[in-house]
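Construct the entire structure; sequences and hints are all you get.
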Amino acid sequence: MFRQDLHISDQELIESADGEITGRRAVQVRAHLAACWSCRARMADIESTIADFVRSHRQALDGQLPSSNGPRALLRARITQLAHETKVHSVWQLPQFTSAARIAALSVAIMGVAILAATFIGGALVEHSIHHGSDSGVASIERGALPERSLTPGATRSVAISEVCSMPHEEVVREVPDSIRKRVLQEYGIANARPDDYEIDYLIAPGLGGVEDIHNLWPEPSETERWNAHVKDALEERLHQLVCSGNLDLPTAQRDIATNWIAAYKKYFHTDMPLSVHSHLGTASTGRGDQQPKSKRSAFS
Amino acid sequence: MPSTDSIADSIIDSINDSISQLIFPATATAEVAAKPSEIEFAVMHLFDQFRSPLLRYSLSLGISVHDAEEVTQEVFLALFRHLQLGRSRQNLRGWIFRVAHNLALKQRYANQTSRDRMESGETIAEQHPELHIDPSPNPEEHLSSAQRQRLLQAVLQALPQTDQNCLRLRAEGLSYRDIAAVLGISLGSVSISLTRSIARLVRADGR
Chain B
1 MFRQDLHISD QELIESADGE ITGRRAVQVR AHLAACWSCR ARMADIESTI
51 ADFVRSHRQA LDGQLPSSNG PRALLRARIT QLAHETKVHS VWQLPQFTSA
101 ARIAALSVAI MGVAILAATF IGGALVEHSI HHGSDSGVAS IERGALPERS
151 LTPGATRSVA ISEVCSMPHE EVVREVPDSI RKRVLQEYGI ANARPDDYEI
201 DYLIAPGLGG VEDIHNLWPE PSETERWNAH VKDALEERLH QLVCSGNLDL
251 PTAQRDIATN WIAAYKKYFH TDMPLSVHSH LGTASTGRGD QQPKSKRSAF
301 S
Chain R
1 MPSTDSIADS IIDSINDSIS QLIFPATATA EVAAKPSEIE FAVMHLFDQF
51 RSPLLRYSLS LGISVHDAEE VTQEVFLALF RHLQLGRSRQ NLRGWIFRVA
101 HNLALKQRYA NQTSRDRMES GETIAEQHPE LHIDPSPNPE EHLSSAQRQR
151 LLQAVLQALP QTDQNCLRLR AEGLSYRDIA AVLGISLGSV SISLTRSIAR
201 LVRADGR
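Chain order of the listed sequences is B and R.
Here the first sequence stands for residues 1 to 301, numbered as in the working numbering.
Here the second sequence stands for residues 1 to 207, numbered as in the working numbering.
There may be inaccurate statements among the hints.
[Unchecked claim] Which bits of chain B does chain R cover? Going by a derived footprint, with three or more residues having C-beta under 8 Å, they are: (1) 53-60; (2) 73-79.
[To be verified] Derived CB-CB ranges, DEER-like: (3) R:Glu-38 to B:Ala-160: 45 to 55 Å; (4) B:Pro-195 to R:Ala-199: 48 to 58 Å; (5) B:Ser-9 to R:Thr-162: 15 to 25 Å; (6) R:Thr-162 to B:Cys-165: 22 to 32 Å; (7) R:Pro-160 to B:Gln-186: 30 to 40 Å; (8) B:His-84 to R:His-45: 16 to 26 Å; (9) R:Glu-38 to B:Arg-25: 35 to 45 Å; (10) R:His-45 to B:Ala-17: 42 to 52 Å; (11) R:Pro-160 to B:Cys-165: 48 to 58 Å; (12) B:Lys-182 to R:Ser-186: 37 to 47 Å; (13) R:Gln-112 to B:Ala-160: 18 to 28 Å; (14) B:Asn-69 to R:Gln-112: 47 to 57 Å.
Hints were generated in silico from the structure; no laboratory data involved.
Note that CB positions come from ideal geometry on N, CA and C, so glycine has one too.
Spelled out as structure tokens, the structure:
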């Protein structure tokens, strides 16, 4: 039984403020608060603390959130691909199928999703092992050959294939401005690196819809012998050709190169090691200290 | 005890229904299959609305920014499949957070086992030691806004994990019922947890 003169518990004050009390009890709580300054003062303390907490919660985390442009474009591309795949395989719209056929189709669909998931998880695990050198087969990848994923996840813009395939050469090879170069080096904790030691490279090349965004740029060591920028150039060129000839869809190309470009090279060139014609390209002129992403110069020309 | 009566339930449902109506104005019933373009539109709409809250929540569970971003992508791809299969559109906000919670924990577990990079129970405070300050308030001291916020973060980090999750989910706008579903605890536990945590924050806040 509720008595008007009994104060309201903290729990009920909070529930009431949160709109979690309804009906007769809500009316009683409101009536008590109207009459009781003491409970109103407690309620005000609670509300102020909640406001402070929300501010501190946001402030502690919002600074870490990357811009949403890249992830938004990536999600849209993935959804478009998913919708396309489903359309091709869907039998649900066809009324003449028996329920047994529908169940069979569903099983196939579930298996497909499971295989996709397994591929994704498998890819992620392979990538983790590359980063941490736990897999002896890939332990020989030089340090820095792969970007740090938390800093450089890759970023793309929404772009039509026709646009990518008719992109002017100047746009593909455009220079990274000095201010961005500095920010990238700073993010990687090598702000004082000599210009000769690193070149700022795009993870997803502009010719594949990649953007000039700090999340899509990383300092590639100039000294890398095996998995170097020339090998990556070759991969970019290969992906570009596949996309423009209609043999590969752009979102897959973007995802593969962003997830692990070395694994993508192995996949698209069917080899475990970089082809010598790629890795030794241009090693005679190792003066790569300029700020231009040199790897783009020969790409798609 | 919190109200669990049907009136509350129906009010929460109607709020969720109105979100669903907003997103699917022409096809609100489950019987009518939405066109792929409508579903795509709805998913992108929800992405715009919930990406930041989901990233914040995933980060607070102790995974990296990159992993949180990937979790968020997976959540919305799963949502697309969910809607494409004509499954329930009720309470999509609760559904989204539930999937994100599970995926983020799975990711954290995978990180721990395969990379052994993160210590069990590692929190943002451990990643950002600058947030660690003495949580005992001095009532005589007038705290600046920045100090107060650091203090609240320190108190938050000292709370049990479930209490932290309850507070963070509530701060992202989830109802008690949604929080209970995400964390797999009872409605009463949510209310008690929030009361306990807010009481500590009020004390620390020196109010």
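Structure-based check of each hint:
Here's how the stretch 53-60 of chain B fares: 8 of its residues keep a CB closer than 8 Å to some CB of chain R, so the rule of at least three is met and the hint holds. Requiring three or more residues with a Cβ within less than 8 Å of a Cβ of chain R, the coverage given for the stretch 73-79 of chain B holds, as 5 such residues are present. With their beta carbons about 22 Å apart, Glu-38 (chain R) and Ala-160 (chain B) fall outside the hinted range of 45 to 55 Å. Hint check: Pro-195 (chain B) to Ala-199 (chain R), Cβ distance near 57 Å, so the stated range 48 to 58 Å holds.
At roughly 21 Å, the beta carbons of Ser-9 (chain B) and Thr-162 (chain R) sit within the given window of 15 to 25 Å. Here the CB-CB span from Thr-162 (chain R) to Cys-165 (chain B) is close to 52 Å, at odds with the stated 22 to 32 Å. Evaluation of the 30 to 40 Å hint for Pro-160 (chain R) and Gln-186 (chain B) yields a pass: the beta carbon distance comes to about 37 Å. At about 21 Å, the CB distance of His-84 (chain B) to His-45 (chain R) agrees with the hint of 16 to 26 Å.
At about 41 Å, the beta-carbon gap between Glu-38 (chain R) and Arg-25 (chain B) stays in the expected band of 35 to 45 Å. Separated by about 29 Å at the C-beta atoms, His-45 (chain R) and Ala-17 (chain B) break the suggested range of 42 to 52 Å. Pro-160 (chain R) and Cys-165 (chain B) have their C-beta atoms about 55 Å apart, which keeps the hinted 48 to 58 Å range intact. A beta carbon spacing of about 53 Å between Lys-182 (chain B) and Ser-186 (chain R) contradicts the range 37 to 47 Å that was offered as a hint.
Look at Gln-112 (chain R) against Ala-160 (chain B): about 42 Å separates their beta carbons, and that is not inside 18 to 28 Å. Taken as a hint, the range 47 to 57 Å is violated for the pair Asn-69 (chain B) and Gln-112 (chain R), whose Cβ atoms sit roughly 31 Å apart.
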